[in-house]
Amino acid sequence: MTTFTPSTPAETLSTIQWAAAEETPLELLGHGSKRGIGRPLQTEHTLDLSKLTGVTLYEPAELVLSAKAGTPLAEIEELLAKNGQQFAFEPMDYGPLLGGEPGQGVKSGTIGGVLASNLSGPRRLKAGAARDHILGVAAVSGRGEAFKSGGRVVKNVTGYDLSKLMANSWGTLAVLTDVTFKVLPAAETEVTLAIRGLLDEAAVAAMAVALGSSAEVSSAAHLPERIAARVAGGKHGSDAATLLRVEGFGPSVVYRIEALRKLLGNAGPLEEIAGEASKAIWRDIRDCRPFADGGTRPVWRVSMAPSQAHHMVMALRMQAAVDAFYDWQGGLVWLSMREDDPEADLLRGLIRKHGGGHATLVRASAPHRAALPVFEPQPAHLAALSTRLKAEFDPKNILNPGRMAPGSGSATLARSTEGAAS
Amino acid sequence: MSGLAMPKPDAETLRRRAEIVADMRIIVPGEGVVDTATEMRAFESDGLTAYRQLPLVVVLPETVAQVSRVLKYCNERNIRVVPRGSGTSLSGGALPLEDAVLLVMSRFNRILQIDYPNRIVVAQPGVTNLGITTAVEQEGFYYAPDPSSQIACSIGGNVAENSGGVHCLKYGLTANNVLGIEMVLMNGEVVRLGGSHLDQEGYDLLGVMTGSEGLLGVVTEVTVRILKKPETARALLIGFPTSEEGGQCVADIIGAGIIPGGMEMMDRPAIHAAEDFVHAGYPLDVEALLIVELDGPSVEVDHLIGLVEAIAYRNGSTTCRISQSEQERLSFWAGRKAAFPAVGRISPDYYCMDGTIPRKELPRVLAGMRDLSEKYGLGVANVFHAGDGNLHPLILYDANVPGELDKAESFGADILRLCVEVGGVLTGEHGVGVEKRDLMPEMFNQIDLDQQMRVKCAFDPNHLLNPGKVFPQLRRCAELGRMHVHRGQVAFPDIPRF
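As given, the protein sequences belong to chains A and B, one line each in that order. FYI, this note's numbering numbers position 101 of the first sequence as 101, with every residue one higher than the one before it. FYI, this note's numbering numbers position 436 of the second sequence as 436, with every residue one higher than the one before it.
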C-alpha cells in the first residue's frame, strides 16, 4: 500500500506512467471529501493530489482563474470573495453530509474534485454547474499522456470539449492537474421570498410561476413541513417554506421581489429574508444540511423535470418511508430513506415512469455501495459508448477502477428494456 | 482552393454509386434522395463558399429510423457520410465529399413539445434557431443563443457548432442552453443524452457532442431551455479616441460587477463602412465604438446605464449616447448588425475570421493586425464581441485578382496565430471545419490531438462521419489505441510516498 503525493504535474505524469506500465490501479484522492460516493475501491495504491496546489492565474477583469487541481476550494472561494467575485455555479460541500460531525475540520474538497464530480448548488437553475464554467484543463490520461483541452477564454470551439468530458467523470478518465474556470461578479444584494405552508404540489406550481416570470429568480427550493426547521439552525420555524431567491443590484432586487409578491400574493403567507440570513438558508440547502445527521442512512440525489419530481416522491411514499426536499424549482430531490434499505430499483423505476431523469446514491454504507449501482444505470447503447470512451482514455483501467460501475465499465446496464432504443 | 487536402475518394464507393443511390431510395422513399448534378448543386458548399464539392448523393431523411438505417448501411459498407443542417457553417463544416453521402436534416423541421412550466422546447434538429423563439414568443419567452445567422441556421447545426451570438456573455452558448439530445451513432445506434432534467447522468457526452462539428453523431432531437424575455433593454453608444481606452472601459464595466446583455466594439474601418451603409448616426472621429446593451427590469437598466455612463466618461469617451426609445436602441444596433454587408460594399470580397483573445490583449492584437495589413497589402475591419474577447476581423480582398485569396488566407492564418500567441484560441464560434483544420497544431500538440481523436474513435472508429474536418491528419483508431509504455521501461517514480 503506497500513497503517492506528487506536488507538480510532472511528478503526477511519471506516477501515472509507472502505474500504466505496471498495470497497477490507483485510487485518486484530493481531500477525500467525496470518497464515500461511488462503489468502494480496493486499489493497492493511492494517488494523493492534495499537494498539487496553487492558484496560477487570476485576472478578475478577465473573469478567469486557473489553479492546480489539488488547490482547496475554500482557499479559492476566499480569494474570489476578496475581489467581489464567485463561482456562479455555487459548488456544494459534501462535508456536512458525508464527513461526520460538522465543524470538525472537514475540508471542503479540491478544485479538481469540483469538476470531477460536476458540483453545483441552488443557482444551478440559472447559472449552470461546474461543466458550464470550466474553460480549460490539463490532465494525464490513464495512458500516461499529459494532454490539454480548451483555454482561458469563454468563447472557444477549437476542437472537442474534453474539459466538459472531465465533469462528472469521477477520476475514471484522467487525472486533472490544472483547471481554468470562468468566474463572475458576486451579487450586490440578495433577498429570499418565502411562501409558507404549501404542500408539494402547490409549491411546485408556485415555483413554476415564479421561474416563468421575468423576475429572474436565481434559485427556487421547497422545504416541506419539519424539514424547514433543519436549515439555518431552525430560526425560521418548521412550517413548509417555498423559497425564491432574487439576486442583483439593490434597486432591481427590490423591484423584482415586489413583482413576485404581486404574482404570488394569493399562494400563501409571504416572508422576506435578506442578506446573511438568506445566504445561510441557501448554504444549508446547497449542502443538503437537512439530512446531515452524522448517520449513514441512505441519501439519494435525484434530477428530474421540475413538474414531475414531486409526483415521483408521492408514488414512492406509498411504498417506502422517505423524507424529501426540493431544489431547482422542484427538479432536484434530496431523498432520505428512513430505513437502511436504499430501495434503488423502486426509486429508479418510478423516475422512469415519471418522465425520466437520474438518481445517485450519495450516502450509503459500503456494502450497499458495493452491491447497488450508485450511479444511474444506462441503456445498453449508451453504456457501451461510455465504456468505449473509458477504454480510449484508460485502456488498462488503472484510474479509480470500478468507482462508477463494476469491472472496466463506466456505467451499469439499465435492467429495464424500455429506453434501450433501437 | 489553396491546396486543401481532403481525404482521397474511395474508388470502390464511387464505382458503386448507382447501387448506393438505389439503396438510399429504398431506405428513404419519395423525394428524399437527390442524385443529379443540377439538383445537387444547391448543396455543394455551405457558408464558406470558397470551397465547393458535389457529394456522392444527397439524402434527406424524415424519420429517426431512416437516419439510423442510412448510417448503419454506410457503416457496414465503409461509405463516408457528411451531415448538414441549414448549411450556414462559416468554416466548411458541411462541405461535401465526392465519395460521401450528404445527409441533410432539413426535413426534421417540427417542434415536438413546448413545456412552459419546465421552460423547455423539444425540437427536431432542422428547426431554425429563430423558429424556436417564434414558437414561444407569444407567451413572452425566447431562446437565448442568437448567432447572426439565426433566421436560417438550424438548432441541430447550433449543437454541432456550439453556436454563440451577441447575448452569450450573459446567457451562455448553445452548450449552456441545451438540456438533452437524441442522436444516431455511425453504427446506427440511437442514444439519448440528458432530457428535460438538469445534468446528464454519467459522462458529459452532451458536452462533448456540443461543438463536435458533426464528427461524432447525427442529432435527431434537441431539448433546449427557454427564458422569459427581459422586461426592457436599452443601449449606450460610446466612442473612444483609442482602442486602449475602449478596451479599458470594457474591463471596468465588468470590474464593476456588471454583465451586460451585449457588449460589442467596432474599429474605425468597420465604423466608417457601417455608417456609410446604414447611416446609423455613428461618430466618425473615433477609433473605437462600443455598444453596451443592458436588459432587465427598467429600474435595473436605468440604474446600470448611469453606472456605465460614468465608467465611459472616466475612460475618456468622447461621445456617449443613451437610447431613449426602442427605435433608437435598434438604430444603434443597425450599423453593427449590418457590418458584414457594409464591408461587402467597400470591398469585392471579404474573409471573416473568428479568433478569441483575452480582452486585455486587444490593443496588442489590433496593432499586430495593422502591421500584418501593411505586410500583405490588404485592408482589415474589425468587429469584436468585446465582453467575451471574440474577434471578427474582416479581411478585404478581391477574388478576381490572382493570388489575393491566397494572400487573404495567409493573412487570416497569421491573425489566428497571433490570437493563440496572446493566450487566445483559433475559433470562438465559427468552428474549425476545413477552414482552420490545418492550424490546429498552432494550439494543440500531437498528444492533445490524439486524445481528441480517441474520443472520435469511441463514437466512429472507422472515421466515416464527416472526415477531413477538424483534424489536420487522421490517424487510424487501431494505431491510436496502442499503448506505448511497457513494463519495466518506466522507472518507479521518484515521488514522495508513504
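Since the hints were derived computationally from the structure, they do not count as laboratory data. Computed from a prediction, not measured in an experiment: that's the story for all the values here. Each residue gets a CB set at the ideal place from its N, CA and C atoms; glycine is no exception. Hints are not guaranteed to be accurate.
[To be verified] Below are the BS3-like pairs computed for lysine-lysine, each with C-alpha atoms no more than 27 angstroms apart in a straight line:
1) LYS8(B) / LYS126(A)
2) LYS262(A) / LYS228(B)
3) LYS262(A) / LYS279(A)
4) LYS337(B) / LYS279(A)
5) LYS262(A) / LYS229(B)
6) LYS337(B) / LYS170(B)
7) LYS170(B) / LYS228(B)
[What the hints assert, rightly or not] Here are some, though not all, of the chain B residues that point toward chain A, as calculated from beta-carbon distances under 8 angstroms:
8) ASN118
9) SER149
10) VAL208
11) ALA251
12) ILE254
13) GLY255
14) VAL299
15) GLU300
16) HIS303
17) GLY306
18) PRO441
19) PHE444
20) ILE447
Hint-by-hint comparison with the structure:
1. LYS8(B) / LYS126(A): 47 angstroms, violated
2. LYS262(A) / LYS228(B): Roughly 17 angstroms separates the two Cα atoms, so the pair holds.
3. LYS262(A) / LYS279(A): Answer holds: LYS262(A) to LYS279(A) is near 24 angstroms, not above 27 angstroms.
4. LYS337(B) / LYS279(A): 41 angstroms, violated
5. LYS262(A) / LYS229(B): 19 angstroms, holds
6. LYS337(B) / LYS170(B): 19 angstroms, holds
7. LYS170(B) / LYS228(B): Given that 27 angstroms is the threshold and the Cα spacing comes to 14 angstroms, the pair holds.
8. ASN118: 5 angstroms, holds
9. SER149: 15 angstroms, violated
10. VAL208: Where the cut-off is 8 angstroms and the nearest Cβ of chain A is about 5 angstroms from VAL208(B), the hint holds.
11. ALA251: For ALA251(B), the interface hint holds, since the closest Cβ of chain A sits about 4 angstroms away, which is under 8 angstroms.
12. ILE254: Interface hint status for ILE254(B): holds (6 angstroms vs cutoff 8 angstroms).
13. GLY255: 5 angstroms, holds
14. VAL299: 4 angstroms, holds
15. GLU300: Because about 3 angstroms separates GLU300(B) from the closest Cβ in chain A, which is inside the 8 angstroms limit, the hint holds.
16. HIS303: With Cβ-Cβ at 5 angstroms, under 8 angstroms, it holds.
17. GLY306: 11 angstroms, violated
18. PRO441: 11 angstroms, violated
19. PHE444: Status holds, d = 6 angstroms.
20. ILE447: This hint holds: ILE447(B) lies near chain A, its Cβ roughly 5 angstroms from the closest one there, short of 8 angstroms.
Checked against the numbered hints listed earlier, the structure breaks hints 1, 4, 9, 17 and 18; every other hint is satisfied.
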